[in-house]
Structure formats: C-alpha cells, structure tokens
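Here the protein sequences come in this chain order: U and A. Anchor point for the first sequence: position 5 equals 5 in UniProt numbering, and the numbering is continuous, going up by one each time. Anchor point for the second sequence: position 46 equals 46 in UniProt numbering, and the numbering is continuous, going up by one each time.
Where hints are given, some of them may not hold.
Given that identical chains are not distinguished, each listed pair holds provided it fits within a single copy or across any two copies.
[Claimed, not checked] DSS-like cross-link-like pairs, simulated, lysine-lysine; straight-line CA separation at most 25 Å: (1) LYS55 to LYS177; (2) LYS9 to LYS135; (3) LYS17 to LYS55; (4) LYS55 to LYS175; (5) LYS135 to LYS77; (6) LYS6 to LYS68; (7) LYS55 to LYS134; (8) LYS60 to LYS6; (9) LYS180 to LYS35; (10) LYS175 to LYS6.
Since the hints were made in silico from the structure, they are not lab data.
Number of protein chains: 2
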Amino acid sequence: MNFEEKTVKTNHIFSGKIIQLQVDDVLLPNGEMSKRELIKHPGAVAIIAMTENNKLVMVKQYRKPLEKTLVEIPAGKLEEGESPEITALRELEEETGYTTNHLQYITSFYTSPGFADEIIYVYFTDELTLLEEKKQLDEDEFVELMTISLDDAEELIQSQDIHDAKTVFAIQYLKAKGWK
Amino acid sequence: MNFEEKTVKTNHIFSGKIIQLQVDDVLLPNGEMSKRELIKHPGAVAIIAMTENNKLVMVKQYRKPLEKTLVEIPAGKLEEGESPEITALRELEEETGYTTNHLQYITSFYTSPGFADEIIYVYFTDELTLLEEKKQLDEDEFVELMTISLDDAEELIQSQDIHDAKTVFAIQYLKAKGWK
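Based on the provided sequences and hints, a complete structural model is requested.
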C-alpha cells in the first residue's frame with residue numbers, strides 16, 4: 001500500500017537556532033486534506049565510549065524541556081555540511097576531554113518520526129586517550145563528566161537520572177555485547 | 001553541580017493539534033542569558049506485542065517529517081488525562097485489531113531531551129487475542145499491519161525500513177529476552 005501524503009502547501013512558522021517549525025497542508029491517501037506539524041532538526045550524533053576500566057563515559061546536563069538534569073552518553077548536533085563521524089569526534093573531545101583514533105559506526109535512528117526529522121548517528125569506541133588540553137564547550141553548554149559501571153547504570157535507570165532514548169539504547173547495546 | 005536554567009520569560013510561538021513551540025529566555029549557570037527552543041508534546045505509548053507464533057506485531061506507516069514509510073511497533077499519543085496503560089490498550093486495538101488482558105510496563109524514555117519533552121511509555125504483551133470487530137483509526141491515520149520474525153526484523157533494520165528509536169529499542173529488548 002502507498003500511504004504517501006502529498007504536500008499541497010508548506011507554511012513556515014518558525015526558524016530558530018536549532019529547530020524549524022512548519023505546518024504542511026497534505027493530501028491524504030483517501031483524498032481528504034489534513035495538516036502535519038513538522039520540526040526540522042539538523043541531526044545529531046551520540047558516542048558510546050568505554051574507558052580501559054570498563055566504565056561508560058557519561059555527561060550530566062540540565063535539559064530545559066524537562067526542567068531536569070539527565071545523565072546521558074555524549075552527544076551533539078551536526079553542524080552544516082559536517083559528516084557525522086567528524087561531529088562525533090568533536091563532541092567527544094569537547095564534552096569529555098577524551099579523544100580516539102577509532103570510532104566505530106553502530107547504527108542510526110529517528111527519535112520522533114511522528115513530528116520531527118531528527119536522526120541520531122551512534123558511534124562506539126573503547127580506545128580512549130585523554131586530551132592534553134581540554135576543548136571549549138559551546139558558550140551556553142554546561143556538562144559534568146562521569147564514568148559509570150553497569151551497576152551504576154542500572155541504578156541511574158531506576159532513579160530516572162538516565163531517561164533518554166539514545167542512552168537507554170547504549171546500555172542495552174553494551175549489555176548485548178556482554179558488558180558486566 | 002547545579003546547572004539549572006531559570007526561566008526569565010516564556011515566548012509562546014505556536015500551539016497546534018499535537019505540539020506547542022515556545023522560546024524561553026533563560027538565565028545560565030554562569031549568569032549569562034540565552035534562549036531555549038522547546039517543543040511541548042503530550043507524550044506517547046508504544047507496545048511490544050508478540051503473537052503466539054513468536055512474531056512481532058508491526059505497523060507500516062508514512063511519516064511526513066521524513067517523507068518516508070517506516071515499519072514501527074504500534075504507538076500513539078496520550079489523550080489529555082488518559083493514563084498510559086489505557087492509551088496503550090486503545091492504540092493496540094485501533095492499530096492492530098488485537099487486544100489483551102495483560103499489558104506489562106517495561107520502561108519509559110524521553111526521545112529528544114535537547115528540544116522536546118516527549119516521553120514514550122513502553123509496554124509488552126505476548127497474550128494477544130483478535131478483536132471480533134476492528135476499531136476505527138483516527139481519521140487522518142493510515143497503517144498497514146505486519147507480523148515479523150527476528151530475521152525479518154534484522155533485514156528491515158539493514159534496509160532502514162525499521163529506523164526509529166522505540167522500534168530499535170523493542171528489537172534489542174526482545175533479543176536480550178532471548179527472541180530467536
């Protein structure tokens with residue numbers, strides 16, 4: 001079956017630093033008209049980074065949409081024209097102070113396909129070295145570095161300090177790989 | 001460390017059928033001001049539903065933000081005042097024609113904590129019975145039912161027909177539970 005929805009008109013509502021909002025008038029498969037509210041997002045990367053002591057590198061940060069601090073794997077938005085692998089290395093260095101020569105691409109997924117086109121590319125590394133000099137974060141970005149064991153991760157899921165899709169994915173991925 | 005960002009002013013930009021957009025002027029931990037673009041979403045449920053033949057119940061649907069058809073686990077938005085478990089049963093019935101007396105809560109996660117407050121509550125059931133009469137979908141909703149094996153799932157991930165966070169999570173969850 002082909003359920004494609006033809007765009008009859010795009011209404012641009014908002015263009016911000018990070019997201020754009022548009023409302024499309026669409027022609028439904030049954031011939032009726034409807035409206036779709038769509039968020040355009042530049043896409044993002046996330047990095048599953050293991051230390052030589054078998055701990056997962058995490059960043060703690062305040063998430064304004066939730067009015068809450070979360071513990072997440074390092075992540076960040078794609079800059080225009082930047083390939084995801086370059087973004088991943090940059091965000092790893094900026095957020096954690098670690099670098100690597102070996103980033104392995106794992107998978108990608110859309111976070112909210114019902115209303116947004118945000119995609120996350122996920123990378124893995126267990127070959128970390130500390131940068132001699134820490135990189136600068138974005139001027140409105142404040143994060144705290146943590147390294148956690150699997151036991152810590154289970155506790156942080158229980159307490160809902162870990163509570164976002166990419167980080168829940170990362171922990172499941174590591175468990176499936178035999179992380180203990 | 002406390003990285004809380006105090007809201008100095010909320011600017012309501014858009015209020016739609018599904019999402020609301022606001023831009024908050026915030027006071028950063030370093031005393032500077034910044035802006036945060038925030039999407040308010042009612043929240044959603046997703047259901048990992050296994051048939052007695054050990055197949056996963058999926059729905060195929062067109063996702064306008066991606067201009068693409070995806071294969072996903074059944075899911076839907078919370079109605080105002082509705083508890084997630086009620087939503088989960090309703091969406092299972094509407095989208096698949098199956099019902100159940102036993103929905104087990106698995107976990108919840110935020111999909112895009114950087115810009116949206118959407119949360120997904122995930123349920124599991126392997127006790128499905130077919131409804132005698134199919135329920136009505138929303139008037140602008142068109143889905144095709146599928147049941148797939150683990151091999152099918154792996155292929156659909158490769159072909160990126162399965163490509164969203166909740167469905168990738170579901171497949172990892174089932175694999176960790178021993179799905180073959």
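A quick look at each hint next to the structure:
1. When the C-alpha separation of LYS55 and LYS177 is checked against a cutoff of 25 Å, the pair qualifies both within a copy, at 14 Å, and between copies, at 24 Å.
2. Proximity of LYS9 and LYS135 under a CA criterion of 25 Å is satisfied in neither setting, with 44 Å inside one chain copy and 31 Å between copies.
3. Taking the shortest alpha-carbon separations for LYS17 and LYS55, neither the intra-copy value of 34 Å nor the inter-copy value of 43 Å comes in at or below 25 Å.
4. When the C-alpha separation of LYS55 and LYS175 is checked against a cutoff of 25 Å, the pair qualifies both within a copy, at 12 Å, and between copies, at 23 Å.
5. Within a single copy, LYS135 and LYS77 get their C-alpha atoms as close as 16 Å, which meets the 25 Å cut-off; across copies the closest is 41 Å, which misses it.
6. Taking the shortest Cα distances, LYS6 and LYS68 sit within 25 Å of each other only across copies (12 Å), while inside one copy they are farther apart (39 Å).
7. In this homomeric assembly, LYS55 and LYS134 come within 25 Å of each other (Cα to Cα) only inside a single copy, at 20 Å, whereas the closest approach across copies is 49 Å.
8. For the homomeric pair LYS60 and LYS6, the shortest alpha-carbon distance between copies (17 Å) is at most 25 Å, but the shortest distance inside one copy (42 Å) is not.
9. For the identical chains of this complex, LYS180 and LYS35 are neighbours neither inside a copy (48 Å) nor across copies (41 Å), given an alpha-carbon limit of 25 Å.
10. Taking the closest pair of Cα atoms, LYS175 and LYS6 never come within 25 Å of each other, the shortest separation being 42 Å inside a single copy and 37 Å across copies.
Comparing the model with each numbered hint stated earlier shows that hints 2, 3, 9 and 10 do not hold.
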